[in-house]
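Colleague: Listed here are the chains, written in short residue letters.
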Amino acid sequence: MKPRRAALVGLVFPLIAVVYFVVPTVVGAPVDYAGVTLLLALGVAVSLMAFVLFSGIQKS
Amino acid sequence: MTADATSLTTQAETQTEAHAVEAHGSGGIGNPVLGMLLFIASEVMFFAGLFAAYFTIRANFIDIDGVRRWPPLAYDALLQPFRLFTDSGQLNLIVPATIILILSSVTCQLGVNAIKRGDRTGFLRNFAVTLVLGGTFLLMQAYDYSVLINEGLTMGATTFGTTYFTMTGFHGAHVFGGVLMLGVVAYRGMAGQFSAKHHDMVEATSLYWHFVDIVWIVLFSVIYLLPLLSRKGAL
Numbered sequence: 016m017k018p019r020r021a022a023l024v025g026l027v028f029p030l031i032a033v034v035y036f037v038v039p040t041v042v043g044a045p046v047d048y049a050g051v052t053l054l055l056a057l058g059v060a061v062s063l064m065a066f067v068l069f070s071g072i073q074k075s
Numbered sequence: 003m004t005a006d007a008t009s010l011t012t013q014a015e016t017q018t019e020a021h022a023v024e025a026h027g028s029g030g031i032g033n034p035v036l037g038m039l040l041f042i043a044s045e046v047m048f049f050a051g052l053f054a055a056y057f058t059i060r061a062n063f064i065d066i067d068g069v070r071r072w073p074p075l076a077y078d079a080l081l082q083p084f085r086l087f088t089d090s091g092q093l094n095l096i097v098p099a100t101i102i103l104i105l106s107s108v109t110c111q112l113g114v115n116a117i118k119r120g121d122r123t124g125f126l127r128n129f130a131v132t133l134v135l136g137g138t139f140l141l142m143q144a145y146d147y148s149v150l151i152n153e154g155l156t157m158g159a160t161t162f163g164t165t166y167f168t169m170t171g172f173h174g175a176h177v178f179g180g181v182l183m184l185g186v187v188a189y190r191g192m193a194g195q196f197s198a199k200h201h202d203m204v205e206a207t208s209l210y211w212h213f214v215d216i217v218w219i220v221l222f223s224v225i226y227l228l229p230l231l232s233r234k235g236a237l
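Those protein sequences? They're chains A and B, same order as listed. So the first sequence is numbered by my numbering: it starts at 16 and just counts up by one. So the second sequence is numbered by my numbering: it starts at 3 and just counts up by one.
So that you can see chain B by itself, here it is in the shape it has in the complex:
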């Protein structure tokens, strides 16, 4: 790189950082983070609508034999999260997928902490791992769908199938969106666009990723763990 080019790059970095300081104001937080928080607030209400529908359907559902039961008896064995194999011998990957998504949130936060310290290598490494873990979660969810569909749980099978695929499907779409955002952040990171002072998009993306992770933990608890407690008579 020539001396002129180096000077221009340094000047551009200084301007970018000055812009970041200006955007943050005195003691405030950056506009991208504020925007993301507003977006997450709207997303909370979006998922709340889905959960509200789920709980209403769950409360009023009567199985084919006339008994109040959730999930329907036909799919009960399929939705045992802690069984490694289904009755037909197919792998049940829902718990490993959950662990992977939680781990991805940890690596994402490590990436944010790294860029805050100015450690670009650490940031890129952690975001690359997060990206891979997010992609793996999506692949595992696709596999899980194929197992469920092969076992007869389709979107049109019962209201349970409809609510299950709607909720997990919308969550999967959000994970896909998050993976795209992580990809863009990693690409920009490789281009050297983030520093210890200028990393608003990194923080905004990590907030979104944590939100998606929390939604999955709630989804997993409601769909898989709540029926376990119901069967034991706790709820």
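If we strip away everything but chain A, and leave its shape as in the complex, we get:
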């Protein structure tokens, strides 16, 4: 798999963050802003890690 394509795995976390934000908003429960923020950032971090991992595999 190409490293740039592997980085798309990080998109999973922003999607979870959207659900994590929308569900409490719709239900009327308090939103966990820390959790939403960390999930969004985790998406970026995991994308970078996946890119590095697959670039490393190509090298070796």
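Simulated from the structure, these hints should not be mistaken for laboratory data. Mixed in with the good hints, there may be bad ones.
[As the list claims (entries may be wrong)] Stretch-level coverage of chain B by chain A, calculated; a stretch enters the list once three of its residues show a Cβ under 8 Å from a Cβ in chain A:
id	stretch
1	39-47
2	54-68
[What the hints assert, rightly or not] Partial pick of chain A residues on the chain B-facing surface, computed with a CB cut under 7 Å:
id	residue
3	F28
4	T40
5	A44
6	L53
7	V59
8	A60
[Claimed, not checked] Quick list of the computed label-pair ranges, beta carbon to beta carbon:
id	chain 1	residue 1	chain 2	residue 2	range
9	A	Q73	B	M47	33 to 39 Å
10	B	E153	A	G43	35 to 41 Å
11	B	G51	A	Q73	27 to 33 Å
12	B	F172	A	I31	24 to 30 Å
13	A	I31	B	L227	21 to 27 Å
C-beta: ideal position from N, C-alpha, C; glycine also.
Once you've looked at the hints, dock chain B against the given chain A.
Modeller: The following block gives chain B in isolation, referenced to the frame of chain A:
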């Protein structure tokens, strides 16, 4: 330079470039760039922790008059990014500082593009400009801190002050680190250590600089623009 010295320099350059090709492997990217990407991934989570704390405090903050409001009313006028002067007549440099940091990312990338073409002069010129712009940003941030402290917004004033200075302070420390890295790269560039084939450190430094720039854009949006939208009832 004697013929022997020229021969040795050429030999050293050939070895360095061979080493660079070896480090990159076939079609991969250099180890310094990979290392920097891993470092940036960890930094993303570091800043995420700060933003998470900020949003949690923001969501639960109740002002001194019992109203849910962010930032506190006492500092509201201070944090208007598009006003050139504060109420006490001091310059507000936050928007010019933001523009300078964004411009520095542009010049940094121009420097990387130049060294990729083998244009060492262009690379050095652009990195020198980036270095100056980074230093200017830090000076402007120091001035901004002095204005805020004079107006009564200190680190211990409220939880807003604590989060504001923690987040912008950590960002400033990262900019300072970036300026040091740019200085080292410029110094090595002047010594002729980078070429079109061997410029991994230049690329790694530019990645870090772009990351620092993006963090500032997010910080600026969250601290200065989000309250503007909240006041207009959009958020």
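Colleague: Does A44 of chain A pass the interface hint, meaning its C-beta sits closer than 7 Å to a C-beta of chain B?
Modeller: violated (13 Å)
Colleague: With a Cβ-Cβ cutoff of 8 Å, does the stretch 54-68 of chain B contain at least three residues near chain A?
Modeller: holds (count 6)
Colleague: Taking 24 to 30 Å as the hint, is the beta-carbon distance of F172 of chain B and I31 of chain A inside that range?
Modeller: holds (26 Å)
Colleague: At least three residues with a C-beta closer than 8 Å to a C-beta of chain A: is that true for the stretch 39-47 of chain B?
Modeller: holds (count 7)
Colleague: Range hint 21 to 27 Å: satisfied by the CB atoms of I31 of chain A and L227 of chain B?
Modeller: With Cβ atoms ~26 Å apart, the hint holds.
Colleague: Should the hint that Q73 of chain A and M47 of chain B are 33 to 39 Å apart at their CB atoms be regarded as holding?
Modeller: For Q73 of chain A and M47 of chain B the Cβ distance comes to about 25 Å; the hint is violated.
Colleague: Against chain B, is F28 of chain A within 7 Å by beta-carbon distance?
Modeller: Hint violated; F28 of chain A Cβ to chain B Cβ min 11 Å, cut 7 Å.
Colleague: A closest beta-carbon separation below 7 Å is what the hint needs, so does A60 of chain A meet it against chain B?
Modeller: holds (4 Å)
Colleague: Close enough to count: is the Cβ of V59 of chain A nearer than 7 Å to one in chain B?
Modeller: For V59 of chain A, the interface hint holds, since the closest Cβ of chain B sits about 5 Å away, which is under 7 Å.
Colleague: Should the hint that E153 of chain B and G43 of chain A are 35 to 41 Å apart at their CB atoms be regarded as holding?
Modeller: Taking Cβ atoms as reference, E153 of chain B and G43 of chain A lie about 39 Å apart, which means the hint holds.
Colleague: Quick check: does the Cβ-Cβ distance between G51 of chain B and Q73 of chain A fall within 27 to 33 Å?
Modeller: holds (32 Å)
Colleague: Let me know if the C-beta of T40 of chain A comes in closer than 7 Å to any C-beta of chain B, holds or violated.
Modeller: violated (12 Å)
Hint violations for this structure: numbers 3, 4, 5, 9, all remaining hints satisfied.
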